[in-house]
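Peer 1: Sequence:
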Amino acid sequence: ALLLLSHGMTEHSMLYDSFAQEMVIKGFFVFAHDHIGHGYSDGSRAYINDVQELVEDSVSHIQMIRKEYPELPLFVCGHSMGGAVTVFLSLQVQISGMVLIAPALAANPETATFFTRNALNDLEKGDAWKRKSNYTWNKNLKPPFICLGVSLSTKIRSCRVRQQVLVSRGGT
1029 ALLLLSHGMT EHSMLYDSFA QEMVIKGFFV FAHDHIGHGY SDGSRAYIND VQELVEDSVS
1089 HIQMIRKEYP ELPLFVCGHS MGGAVTVFLS LQVQISGMVL IAPALAANPE TATFFTRNAL
1149 NDLEKGDAWK RKSNYTWNKN LKPPFICLGV SLSTKIRSCR VRQQVLVSRG GT
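When we follow the numbering used here, the leftmost residue of the sequence shown carries the number 1029, and every step to the right adds one.
You may find that some hints are simply not true.
Pairwise CB distance ranges (calculated) [stated by the list, open to error]:
id, residue 1, residue 2, range
1, Glu1050, Gln1120, 25 to 31 angstroms
2, Glu1099, Asn1077, 31 to 37 angstroms
3, Phe1047, Glu1096, 17 to 23 angstroms
4, Asp1045, Tyr1097, 17 to 23 angstroms
5, Val1052, Ser1072, 20 to 26 angstroms
6, Phe1047, Arg1094, 30 to 36 angstroms
7, Ile1123, Asp1078, 17 to 23 angstroms
Hint data in this document are derived by calculation from the structure and do not stem from the laboratory. Owing to the predicted nature of the structure, the values given are computational and were not obtained by experimental measurement. We put the CB at the ideal spot given by N, CA and C, even for glycine.
Model the full structure from these sequences, guided by the hints.
Peer 2: Structure follows, in structure tokens:
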């Protein structure tokens, strides 16, 4: 089988090298690329103009893989932002399955649990969330991605996708 890895925000594809090697041992052909603005790709560092650009790049990558291995099933594994990209690309190209690791997706408010419904409330209340962030008020710490994350979240939440999903978590 084929496996395309889709990394998260501020990450790069080589972070998944050891996972990729394990999957190769298990018989997968593994592929990955750095999303625009990440790793060795072009673009402003960790800046995303439109999530659809990431989706289109991933669809192009899948088309190249399929030309080389047309008979093999293709799976996509996406983490965080890459999970959202994976869901959106599954609407444009046929894949055999997907694995989403902490995907940057929002649940349906009508069926979500109390925690899920309220987890992102601060993002909807203007700047109130900033007062709760230790990074915002500590002048020595200047993380570059606080507002970027909010921007990406807003773009992802503006897209509506209806899919059945199995949620599983580890634990003792």
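Peer 1: For each hint, tell me whether it holds in the structure or not.
Peer 2: Here's how the hints hold up against the structure:
| no. | hint | in the structure |
| --- | --- | --- |
| 1 | Glu1050 / Gln1120: 25 to 31 angstroms | 29 angstroms, holds |
| 2 | Glu1099 / Asn1077: 31 to 37 angstroms | 36 angstroms, holds |
| 3 | Phe1047 / Glu1096: 17 to 23 angstroms | 22 angstroms, holds |
| 4 | Asp1045 / Tyr1097: 17 to 23 angstroms | 21 angstroms, holds |
| 5 | Val1052 / Ser1072: 20 to 26 angstroms | 33 angstroms, violated |
| 6 | Phe1047 / Arg1094: 30 to 36 angstroms | 22 angstroms, violated |
| 7 | Ile1123 / Asp1078: 17 to 23 angstroms | 22 angstroms, holds |
Hints 5 and 6 from the list above are not met by this structure, while the remaining hints are.
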